[in-house]
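Heads up: the sequence lines are chains A and B, in that order. Using this note's numbering, you'd call the opening residue of the first sequence number 281 and step up by one each time. Using this note's numbering, you'd call the opening residue of the second sequence number 34 and step up by one each time.
Worth flagging that the hints you see were computed from the coordinates, not collected in a lab. Ideal Cβ positions, reconstructed from N, Cα and C, are used throughout, including at glycine. One thing to keep in mind: the hints can contain errors.
If you anchor each label on the Cβ, the simulated ranges turn out as follows [what the hints assert, rightly or not]: (1) B/Glu150 / A/Asp510: 43 to 51 Å; (2) A/Phe286 / B/Glu103: 42 to 50 Å; (3) B/Glu218 / A/Glu516: 44 to 52 Å; (4) A/Asp431 / B/Glu744: 40 to 48 Å; (5) B/Lys465 / A/Lys531: 34 to 42 Å; (6) B/Leu93 / A/Glu362: 21 to 29 Å; (7) A/Phe334 / B/Val170: 32 to 40 Å.
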Amino acid sequence: MIAFDFAYHKPTSLQEAFELLSEEGAIPIMGSTDVVVKMRARRLRPKAVVDLKFIDELKFFKFNPEEGMVFGSAVTMNELIEDHPEVKEHYPVFYQAIKKVGAYQTRNRATVAGNIGNSSPAADSVPPLLTYNAKLKIVSKEGERIVELKDFFTGPGKNVLKQGEIIHSIIVPYEGKSIGMYYKLSRIKAVDLSTIGVALTVIDPEGKRDIRIALASVAPTPLRVFEAEDFIRSKELTKENVEEFAKIVQKNTSPITDARGTKEYRYEMAYVLPIKILREIGLYKEVN
Amino acid sequence: MRNKYVGKSYPRVDAYEKVTGTATYVTDMFFPGMLYAAVLRSPYPHAKIKKLDVSKARELEGVRAVVTAEDSPYRQGIYLVDRPIFATDRVRYVGEPVAAVAADSWEIAQKALELIEVEYEPLPAVFDPREAMKGEVLIHPDLANYERMPIYNIEPEKNVFHHHKTRKGDIEKGFEEADYIIEGEYYLPQIYHAPLEPHGAIAYYGFDGNLTVWSSAQSPFTLRNLIAHAFKIPRHKVRVIAPYVGGGFGGKAGINMEGIVVALALKVPGKHIKLIYTREEDIMATVVRQGMYAKVKAGVKKDGTIVAWQEEMIFDGGAYAEYGTNVVRAAGYTTPGPYYVPNLKVDSYGVYTNHFVGGAFRGFGHGELHWAVERHMDKIAQELGMDPLELRMKNLLKPGLTNAMGQKIHEHTGDVEACLKKAAELIEYGKKPEQPKDPKKRRGKGIAALVKAPAMPTNAASSVVIKFHEDATVTLQVSIQEIGQGFNTAITQMAADALHIPAEKIKVVFPIDTDANPYEWQTVASRALWTVGNALYRAAEDALNQIKNIASQVLGVAPYNLEVEDDRVYIKYDPETYIPLTDIVMGYTYPDGHAIGGPVIGRGSFVPERLTNLDPETGQGNVAAEWTFGAEAAEVEVDMETGEVKVLKLVGVFDAGRVVNPMVATGQIIGGMVQGMGPALFEQIKYDEKGNPITISFTDYKLPTIADIPEEMIADFVETYEATSAFGVRGIAEHPMISVPPAIAAAIYDAIGVNLNEMPFTPEKILRALKEKENK
């Protein structure tokens, strides 16, 4: 139970939501799977919560090769997993990651927009979206803007959203076939946060073989490591190159120690997991 | 006695209510005008309360009572009365109750908490019991003056609330005879019970001076006793009603948070006051399993015979000992578990720290003691180059030998050898596991044994009342709580066999009400079917004798020539001559109207036979009523790159004496094995360096879920009829959790050749151990 008073609003249109969110102390919510936990613990004490999940305009999903995948912020993770086979087919690493969020019941409520808005460094849906160059459409009374996901986060729990702004939709370009893996290392296999999460996506694996990598829970924000991607681009996946690639990934991280794991372990895994994933997806054969 | 229901998988009698969600728990109960309670808690692990001002909270509209230690200066405790209901002068752990509020709504009660002003002066705190034993910080300066049962041996200047000693044989001579001296150290942290249902209670104090408490309690009668004792109210004026308990695991035994609602109720007569703990409160402020540091030194012959065992266990008892005193004692007198060692020196210390309060937890010291003993057996095997199973087989506690407290083991005590053999068979011990293609992943197998007796006072009593009704159906009054273990089902089967009537004609009276039910000590110690079975046997005999005595007059034959069967009482040598039970059980009425007998009410009581306390200097005596042996085995896969452990298979085999309900018993074993996986792999109450708890919700206190459990889990039994039970049964409830961690640790060693001697086996610890091995 939540021990303080707050207002609950359930707008059915964006205009109505904008009005409600213009009040100081009002926050937008979707599935509230993070918000309620924080409110119970009194780590978040909003004056009002504005529940956006009943706004029809935010419930769409579309995919075509030209525009890529675009879905509204009210689409739940289970809807992405079960109702839209394009997600699994064209964005397999993203699909794997959202399947590892919480439990089935959590994913019935949880949304990707909520996961992004919560801006935890541990957000599982974010690293794969970073590798797929996702963008956000952000709307407010004043209008709309597009923000690259990589530019969205500013710190743990912090982002570029201003009071009154909401995430309208998530835009994920389609760059061709991709393979890869989201490796979630957690204490238990479900209903847990990542001790570390690594998304490694390979766009056009048989052709240009563009390797991209992003991590959760190793830095103040979810982290894409362009330096490592630049290093490995058009290089052969030899033992030397792969190890150097992993080293670059590792040195870009700045993990901390918390209840889930130590910084030393996270740092070590930031090196181990990229290599492990390359081996598990069959691009790299060597065993150290 | 008939043998028709015992041994069969009779469907659970509580299944309909539980599956449909209609079973009533305390949280489901509401009364008109009920008030809601909330508790203000200490933010410090150790601090002086300099100022406590509740006046503003009292003035808030809707607040009916605010209580602190000033209003309710009582302490509670089952074995050692050391736990105040509200912190008095100082707080000793984060989460300790300082004040409580009763208000018209939960929200008002929460607001009132924010109006209470407390000033603390932090005191030096101590978190490691080994440090605490130095006595530099005294957590209970008044320990010597606390009321306690005389069997507990305090050392107040060392923060020790109980020091158990076992001295058997000649330890020095044992070490002299040994070819090898092998030493080891083992550790496990505090863990949380995590019942599905958090603790909750409702209290009502009538204007007539009668107090009623509804509680999610494992032990309604002991709760009544301890409330009455703490608040100095006569027993007959305290009534405890205990509806279903949504999981207890020891945490709801004895008394817990009930004192808070009682203290409030005494201030507001005529009102029901309800307090349901949040998960955070449940983790912080009920009880947890104690942490433990163990040091073992064993003397071993070349052939693997263990001739000396010296061990020191230091328990992290937390801020209050209370029930935990007996955990320390039980671990002490049971070491070295299922093995025979002629020369023994065991010291088990319960030590206060500024951690959460330690208390009873499934296994009651045995998860802790077997962790050290079974890990050390593996270490001995490794150093001798002997197979760990062979080493165990060589040193088993077998008939004719004596255990640590000097009790002789009989054939009927149980068969640990058979348990180990069966577990080895089921895990295919000796057959190398098929290794995965990925050379970074390795599989291994491990095995461990265990033994546990009920840890209870020598006079822990049970009683049963059997009432017959007009249609010859029966209600059974017995005060063991149904906490999910299936007691109500099993006792129904046993009563049906004892009374020679169909099980469908029997109902267990529920919920338990101490005003109406007969006495029962507690629902703990895996003793229920054993102790209540004995009381039930006597109650059934009593009822059957009453029936036969009435029938004997009607039929003109001696009672011993009569037999009861299903719906009738008949003459053994002329079975066609009978009287329907319906004509007897309310008294028999002759055709002319005159009646004899009366309603049949069977009554049976039981206390354990011939138990004695232990000698305080040697630990020798006869304090254990019956022992259950078992063996558990695990197969695991370890990822040597990440340190992740996957449990592939678990096996548990227990000598149950006689299995009353195979379905329920199998469920108990599987549940217990999963519960044992948790502390082995990830469960742990963590504190930061300042002693602040950091795992106080399920976000960070992790339990195994369906995604973590092995694909294969096998439960099996050995049945060595228990001679001290009228039904041949002994307990298996706690046992399945006990030796899962050492079995998993052994399997990890088998897989990757490293020893994990500290729970839980996190990926980090596994990688660290692998590195240490590489550097050697």
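Going through the hints against the structure:
Remark: the range hint 43 to 51 Å for B/Glu150 to A/Asp510 is contradicted by a beta-carbon distance near 59 Å. The hinted window of 42 to 50 Å between A/Phe286 and B/Glu103 is violated, with their beta carbons roughly 34 Å apart. Between B/Glu218 and A/Glu516 the beta carbon distance is about 49 Å. The supplied range of 44 to 52 Å therefore holds. Roughly 44 Å separates the CB atoms of A/Asp431 and B/Glu744, a value that falls within the hinted 40 to 48 Å.
A beta carbon spacing of about 41 Å between B/Lys465 and A/Lys531 agrees with the range 34 to 42 Å that was offered as a hint. At about 49 Å, the CB distance of B/Leu93 to A/Glu362 disagrees with the hint of 21 to 29 Å. Separated by about 56 Å at the C-beta atoms, A/Phe334 and B/Val170 break the suggested range of 32 to 40 Å.
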